[in-house]
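Protein chains in written order, with this note's numbering: chain A, 1 to 907; chain B, 1 to 907.
Heads up, some of the hints might be wrong.
For identical chains, the list gives no copy identity; a pair is met inside one copy or between any two copies.
As the list claims (entries may be wrong) - The calculated DSS-like cross-link candidates involving lysine-lysine, where the alpha carbons are at most 30 Å apart (straight line), are: (1) 192 x 208; (2) 643 x 668; (3) 812 x 746; (4) 653 x 675; (5) 589 x 299; (6) 812 x 592; (7) 343 x 358; (8) 669 x 650; (9) 809 x 589; (10) 809 x 668; (11) 719 x 746; (12) 633 x 669; (13) 667 x 83; (14) 675 x 812; (15) 809 x 667; (16) 818 x 736.
Hints are computed from structural coordinates only; laboratory data are not their basis.
Protein chains: 2
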Amino acid sequence: MKKQVFSWGAGTADGNGSMKEILGGKGAGLAEMSLAGIPLPPGFTVSTEVCTIYFENGNKVPQEIEDQMEVALRTLEERTGKKLGSATDPLLLSVRSGAKFSMPGMMNTILNLGMNDVTVKVLSAKSNNPRFANDCYRRFLQMFGEVALDIHMEKFNHIFDAMKAKRKVKLDTDLNAEDLALIIEDYKKLVKKETGKEFPQDPHVQLKMSRDAVFRSWWNDKAAYYRKMEKIPDEIGTAANVQAMVFGNLGETSATGVGFTRDPATGENVFYGEFLINAQGEDVVAGIRTPSPIAELNKAMPAVYKQLREITNSLEKHYRDMQDFEFTVEDNTLYMLQTRNGKRTGPAALRLAVEMAKEGLITKQEAIMRVAPAQLDQLLHPVFDAASLKTLKMLSTGIAASPGAAVGRCYFSAEDVVAASAKSPVILVRKETTPNDIAGMDAAKGILTAIGGKSSHAAVVARGMGRPCIVGAGEIRIDEHKKLFTCAGSTVKEGDWISIDGTTGNVYLGQAKTNEADPTRGEFAEFMSWADEFRGKFGVRANADIPHDAKVARKFGAEGIGLCRTEHMFFAEDRLPHVVAMILAENVKDRKKCLQKLLTMQRSDFAGLFKAMDGFPVVIRTLDPPLHEFLPKREHLMVDVTKLPYATAKEKKDMAASYGCAVGELKKKLPDLLKRVEDLHEFNPMLGHRGCRLGITYPEITEMQARAIFEAVAQVAKKGVKVIPEVMIPLVGSVKELAHQKAIVKAIAEEVLGKAGLKDQHYMIGTMIEIPRAAITADEIATEADFFSFGTNDLTQTTMGLSRDDYTKFSKEYENLKIFAADPFGVLDQGGVGKLVEMAVKLGRSTKPDLEVGICGEHGGEPSSVEFCYRIGMDYVSCSPYRVPIARLAAAQAALVGLKGEANRTA
Amino acid sequence: MKKQVFSWGAGTADGNGSMKEILGGKGAGLAEMSLAGIPLPPGFTVSTEVCTIYFENGNKVPQEIEDQMEVALRTLEERTGKKLGSATDPLLLSVRSGAKFSMPGMMNTILNLGMNDVTVKVLSAKSNNPRFANDCYRRFLQMFGEVALDIHMEKFNHIFDAMKAKRKVKLDTDLNAEDLALIIEDYKKLVKKETGKEFPQDPHVQLKMSRDAVFRSWWNDKAAYYRKMEKIPDEIGTAANVQAMVFGNLGETSATGVGFTRDPATGENVFYGEFLINAQGEDVVAGIRTPSPIAELNKAMPAVYKQLREITNSLEKHYRDMQDFEFTVEDNTLYMLQTRNGKRTGPAALRLAVEMAKEGLITKQEAIMRVAPAQLDQLLHPVFDAASLKTLKMLSTGIAASPGAAVGRCYFSAEDVVAASAKSPVILVRKETTPNDIAGMDAAKGILTAIGGKSSHAAVVARGMGRPCIVGAGEIRIDEHKKLFTCAGSTVKEGDWISIDGTTGNVYLGQAKTNEADPTRGEFAEFMSWADEFRGKFGVRANADIPHDAKVARKFGAEGIGLCRTEHMFFAEDRLPHVVAMILAENVKDRKKCLQKLLTMQRSDFAGLFKAMDGFPVVIRTLDPPLHEFLPKREHLMVDVTKLPYATAKEKKDMAASYGCAVGELKKKLPDLLKRVEDLHEFNPMLGHRGCRLGITYPEITEMQARAIFEAVAQVAKKGVKVIPEVMIPLVGSVKELAHQKAIVKAIAEEVLGKAGLKDQHYMIGTMIEIPRAAITADEIATEADFFSFGTNDLTQTTMGLSRDDYTKFSKEYENLKIFAADPFGVLDQGGVGKLVEMAVKLGRSTKPDLEVGICGEHGGEPSSVEFCYRIGMDYVSCSPYRVPIARLAAAQAALVGLKGEANRTA
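Using the sequences provided together with the hints, build the complete structure.
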């Protein structure tokens, strides 16, 4: 039988830190710590594979593994000198989950295992503290009852609260040993009533049941949701870690705490953490008692503090990363309970990486790998405008638990947040959060709690999600029932706007203005410059339609514009009337007149883009959307035509305003407009008369756009700007379409540049690959194309036969059933769409080895998709300006893990 | 320099019959005839390549080729003993087009070349017939003027008609030599006026100009249209055949004629043709004089007739096919001017093939190759119901020129026919047709002309198109201006219905009923049995939704049902209300109630199909269309909701009727319905919530359909019918979708068959491959699929990103620009969609070597697509019942030309 149970302790271990796969993160960490000579309670890990075997084996652990566990238990008993269930020196155990990837708070833990009617008495006698012994027992009964026996928490709380009421006390600690003994009896009765069986007194039975309950918690709702959110596979399972209990609640010489070797919110190199005297671990993270800052431990227990600093320093050096640790002091003896690489905010991840590289702890390459590209998002988003904050009332200052600025409407339950977040940005306001709030936290822009510290559930989860978060804002009084809170004389109701600053801890009433982040300075700029070093010649461009966006893109490091959608210019208020007139024109001559007006406007837009991108390429796509998108909607026109004969004067006036005509003209205008709209009506606009199909039926539109582009080129180039224009023809499915449009663009380009004396001005004409046929016939299309740019939004829609807008109707079911590995519109479907993309790159380069290839769909800013683009040999990705740094980092990481593609790249 | 001019005559030839590519059909035929010792006027062919060179060379023939032609001309002069332009014995020439593929009447011909002011006198003296000489000259002037000088025909006619008016005569032949001399002078003046130059008297100049004009006629409108219709490539060009003139118009001992070795309309083995005494060739085909049947030549010129029969018999044996020939008798000497394989109707093609095979002239294999699959169409369409004909007034009997029954509304011009044919079946009624009518003939269901014979333009073209046609119906008096005809006391106006029988020549007033063709008897059945012999194991199934269609399909030879669209059953009048109720159901329970009602109905439909297909497979597709297709249209509901408050009692009553409710309920029903319709509204229904996506969100629908299928299986199988059910899941894009639906179907199948004691009943569950992702991931999908069926309608739409319905908006431009090789919805786009199909077959079989693969898109009945499916190793095609024989023949032909695929086939 394969080894499935791994012991550790006393400076030895069966496993080691590299065995996360099989031991889980926690188990591997404990083994590694033990090997490193760190003082920790001994124990053993039942492997992640056993979790899978348990489910496959009909929720039962095979006997051979039970036997291995028996052996490990005997070793543990030897190491501690105690015995499970002993009437003289009983061993108490904790049983904790621990998967390969950290899933904080998502699965179950059972503490104080081994308590029963016998051991409670022994513990009472040995500690000389009957209240402590009874409290351990009742805690175990409650945890075991909830977790292993599926009895609802409320039922235990009801018994407990009834006793408090009976004794007329407020705090748990006000109940004495006798009260707790009564509660224990009631708890045991509850177990009997709910399960039909007596509470199992045998600790060996308790152990097996607890271990199995930990395995089962892999599939509880919040764990499954968290995995979905974090993209953790369902198949890997969790280990169960069985460890000797040590007690932080043995009195004033005992304590328990958690900490980080550096600040996980900001990355600052300060010792960071919290502790509670005379408490068990869950008291710290549960947020029920607000714990003390770790620095104060130096006063309370100076020797322990010194030892803790030494151990954690060596842990950070050992693991070469910031550590998140748990410790317990039992009667002045320090035990490390856990250490792991700490979760961190985006800003912290970046600062840690840069500083550790500078300290020489890690290499620059490692620093680059330490920041998940998506984490950069938090550094790129707006911060509060200082002037704007001055106009708002500050309500309170809490603990700054996760940095960043968030503005939203208040909601007081996870459900309400989820519902409201579809319509407006939302802030989740709670007394404290629990794992049940996870969906609400995900949907909220920011989180505000009244109690809890930097290690509370809210703080930990918010940092993981990159959500701004303030905890322990004790001045606010929340009435979750009435859905409001009061603070500093104000009453803030559900739906009211507040602004929270997770960097300062300040809470403001109202909507604060925000300023854009500045990515050109400080550690961020330094980090990105390292990333660019490793990225090599793989380029990152931005999708930008107007000069302002182009400037932002440059600031974020874009090396050109990968997609300018000219139709976005058409929708501008001063242009739309000309566009509409152009569409309604009854002949080519009239249409050309309208186009002439648009020409002037487009030319100046293009000139602005070229100036902003001096020295970098600008890809301009010719008109793409179907013409009816510029006109009123057919069904609204039909309704208005029906309504008109019965409309009141007021209604007519409104109608006239919306159609931009006089009331008297409505009678003729509406049916005329409807007729044209009917002409243009399409059953499937996505697959209709758009893209190059427009340019083919209305060549004068392509002509106008080509003229605007090259006149702008001439204008700007003459001023000394280096212009690199690339004209992109959309929705090509056949090389003949491209050839047709190319001929038009080329003729205009030669004419305009010739006249301007710029015959040597370089330009390219290429195409978007966004329908499957283009990918399949890319070898043919490449004969006419100077470049390809993959429009993976539309390519995903056509390849999957799935309209992005209509998918929302049934995406919930599809997500629940996991039909797709991820949302195909967010993450490139490498198994399907990606195969076509790869095929197209190969076919295209087989015809034209120096074909420039990029991507301009939204996937161009999604890290795993960027990695894919890098690997298959694309020359660049293009994404929204704010995602440019993310793409730069993702590309650098792809380069560092040595993905192929460099050989294929042409740029 | 490559040889580009090929001489023939006097029993020799530079080329031969196999050189159609370079000599064109006519040139190759003349060379072959000459080699066979057939008497024919000598001449030479300027090759098809020269046509291409001419256009590439700026509409000029290079000097080296001119030199070759000079040499050939000298040979020709030697062979005839005459000299071009000679003042003693002038040679006259014809110049005719002749491409690789026959394009009758589409390009230009020039006769009597060599006439000028000198030779007209010589000819007059030599023939002792000044009128004949002058007539030759004026004909040449007119033809040369029109064709080589682009002078409008009407201008010549005007001069000619003016002379007739002046002389007060009716017939051309009433003008005497002097009149013609005056006309010649006016013609020459016209040439001077129109071109600014004198008419070229030099016959060598005439020859070069005529040859070039023939080349240019390759690109005239009607030729280009014909090529498009017949799918002849534009690149191949035409040859120019220069041949010594012989004269059928030298008096009563001269004649000209055309004929076929067998009847091209019916295929009957009779000598068939027409001639005119004292006429030139174009008089016969122009339809101006009605010619005499060829049999009468035996009376007029018995020796010539005997020689003609001998020659044409030997020609048929030589070419091993029915011949279409032209001849001229010049002063009792017979010359063959041309021979070629004759065009024929579908029925004739089939009869010829069967009879020639039985005669031993050709093999059975050759017989199969002799019939174009599309020609079978003409044999599969309805014939008039005899009883129905008795109720109609017979207007006239004309010449039965192309068989078949046609019913339609009368229209009197090609333009009107084209316009009207969109709305209704149409018959084109004309005095006579010209090549300018070709689009109208194509759009018409049948053609009726008042004049002309079996070789007239109308007759020849109609047979080529397979359109029923009656010519020479002399009793009808057509007023094309007033758009009516009168006949037998009736006046038939534009838009009135008539019925024409191209097999009998009868014209009826009104709409005759038709009966279906019987494909199970006679030559047709025999021919198809040969085809099936060669087809091998490649199957042909039919798309059929109801038992009646299934029975028709069996009659036409379908070996199973390849696609049963269950939703077609949903649209039936008695079912739609249950379907609507099902969609409007607010919960699963109510929905299941409605489904229960549909279950009973579907079960009996399926039972009917299984019975009709005893022993053959039946592929049933689960529900495919989006649910909103079953509900009223959104925009109509919006209009009705707007209208309701203002509606009159009558309008309300109509509304209530159309929504199937009481007037009083409208106020609630309309907004409720609109709400549900809004819920279901989609931007791109083609890419929306349909196919398996419905079955996934509403598993109860799939359950119901599976139950209906397998309960029907059980019911019918118990009666001894051999049922082979194949359940097909539509619109699968990911293997997980298929697995989900398969699990549902399988569970129901096992349950129902188990209960019925039919555990061994075989069934398959497979999927439609109709979106690109399915093709790309076919290896994964095949792990769950027992079979694939390609839905090439949708696969074409998604692969090309092109909605079939919306394509009509710009298909005209696309056709004109030849963006696609053919209509991709009619002919499978092998270069794009086909590549995906081929990839999917390979990937699918790589996972599951015995995967059954077929096609059920409309391409399954299109010959070139069937050939493709055969070649890539599909097991079967499925098409509409009426196209089954076409597919059987196309498959047999693919097998006979030795296309690969047999090795891959599994069935």
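Outcome of the hint check:
Proximity of residue 192 and residue 208 under a CA criterion of 30 Å is satisfied intra-copy only: 19 Å inside one chain copy versus 114 Å between copies. With identical chains, the CA atoms of residue 643 and residue 668 are at most 30 Å apart both within one copy (14 Å) and between copies (19 Å). In this assembly of identical chains, residue 812 and residue 746 lie within 30 Å of each other by CA distance solely across copies; the values are 25 Å between and 47 Å within a copy. Proximity of residue 653 to residue 675 under the C-alpha cut-off of 30 Å is found in both arrangements, the shortest distances being 22 Å within a copy and 28 Å between copies.
Proximity of residue 589 to residue 299 under the C-alpha cut-off of 30 Å is found in neither arrangement, the shortest distances being 88 Å within a copy and 68 Å between copies. In this homomeric assembly, residue 812 and residue 592 come within 30 Å of each other (Cα to Cα) only across copies, at 22 Å, whereas the closest approach inside a single copy is 47 Å. Taking CA atoms no more than 30 Å apart as the test, residue 343 paired with residue 358 passes inside one copy only; the shortest distance there is 21 Å, against 88 Å between copies. For a Cα distance limit of 30 Å, the shortest separation of residue 669 from residue 650 qualifies both inside one copy, at 18 Å, and across copies, at 29 Å.
In this homomeric assembly, residue 809 and residue 589 come within 30 Å of each other (Cα to Cα) only across copies, at 21 Å, whereas the closest approach inside a single copy is 44 Å. In this assembly of identical chains, residue 809 and residue 668 lie within 30 Å of each other by CA distance solely across copies; the values are 25 Å between and 38 Å within a copy. In this assembly of identical chains, residue 719 and residue 746 lie within 30 Å of each other by CA distance solely inside one copy; the values are 23 Å within and 72 Å between copies. When the C-alpha separation of residue 633 and residue 669 is checked against a cutoff of 30 Å, the pair qualifies both within a copy, at 14 Å, and between copies, at 25 Å.
Taking identical chains as interchangeable, the C-alpha atoms of residue 667 and residue 83 are never at most 30 Å apart, the minima being 94 Å within one chain and 79 Å between chains. Taking CA atoms no more than 30 Å apart as the test, residue 675 paired with residue 812 passes between copies only; the shortest distance there is 21 Å, against 39 Å inside one copy. When the C-alpha separation of residue 809 and residue 667 is checked against a cutoff of 30 Å, the pair qualifies only between copies, where the shortest distance is 28 Å, while the shortest distance within a copy is 38 Å. Taking the shortest Cα distances, residue 818 and residue 736 sit within 30 Å of each other only across copies (8 Å), while inside one copy they are farther apart (40 Å).
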